[in-house]
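A.B. asks: Letter by letter, the chains look like this.
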Amino acid sequence: MFRRAAQVLSTRGSRAFTPSVTFAADEAVSKHTSSAFLKSWADNAPSTLDPPNFSATFIPPPRSLEAEAAGIPEKLNFSFYLPHATEMNNEKVDMVLVPGTDGDFGVLPGHVPTIAQLKPGVVAVHKDDKDIVKYFVSSGFAFIHADSSTELCAVEAVPLEQIDAAAVKESLAEYNNKLINAKDDYEKAAAQIGIEVCSAMNAAVGN
Amino acid sequence: MSSAYWRVAGMSYVKYANLCADVVRSVLKDQHVVTAKARENVYFKTTEWANGVPGASVITEIKSAATK
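Residue numbers (my numbering), protein chains in the order written: chain B, 1 to 207; chain H, 1 to 68.
Be a bit skeptical, because a hint or two may be false.
Stated by the list, open to error - Below 25 Å or equal to it, Euclidean Cα-Cα: the simulated BS3-like pairs (lysine-lysine) are:
no., chain 1, residue 1, chain 2, residue 2
1, B, 119, H, 29
2, B, 178, H, 15
3, B, 134, H, 37
4, B, 169, B, 183
5, B, 75, B, 130
6, B, 178, B, 119
It is worth saying that the hints were derived from the structure and are not from the lab.
Based on the provided sequences and hints, a complete structural model is requested.
C.D. replies: See below:
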């Protein structure tokens, strides 16, 4: 009489473990089902009752993976702004080398969105394999956005050819003197700024 | 990471950035120096108003290479 018991128990057990309840929150409630529900609600519910809200109204829609799958653009959309001039505006370049305070880094299309403070140094814009434009930047910020558009904002940026190497050496010596003779913290900091910028220019001009 | 040396000495970022720019402008070649130095000049006029009447105007003019 219990010959078939084991068989029955096993089938019953497997059925019991099948999840028969899917929670409403797990399903993305499509507009179609909610509009169908709302229609039957309007037909059947008393007029004093408000229709219920759906979880979809509270949970943001799933991020469109297509925008991500559209992928990394081929070229960087680069702009270079100074207070007194627009050096470059929405130019398509391959790569930009940027002197950040935490270290020099290169920006390629698909770079992670970043706001980087710049130290005095050289910005190298690689327009393509052959065309490289270099500027010495006094300080500023670089903004890299998710769609690979990049802006560089600096107070002063000059092409390397415009820097007078001899004048840089003189200035460096002068600021070193100022540091030794500095009377307070402020003058010391001002002298250190001079030394920092002149050392960077020295390195940029190739001394 | 502690603050930058200029911040510790009481300088704002704007002051730091402008000082850096001043240093760069002072070591340029030939005519570039002249055009650049012209950018350093600061000129503005301040007028205090009280009861709808302007007071005395104060003109502030700083001709390049101010370190304070």
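A.B. asks: Taking the hints in turn, state whether each one holds.
C.D. replies: Evaluation of the provided hints:
no.: 1; hint: 119(B) - 29(H); result: 22 Å, holds
no.: 2; hint: 178(B) - 15(H); result: 18 Å, holds
no.: 3; hint: 134(B) - 37(H); result: 22 Å, holds
no.: 4; hint: 169(B) - 183(B); result: 24 Å, holds
no.: 5; hint: 75(B) - 130(B); result: 15 Å, holds
no.: 6; hint: 178(B) - 119(B); result: 21 Å, holds
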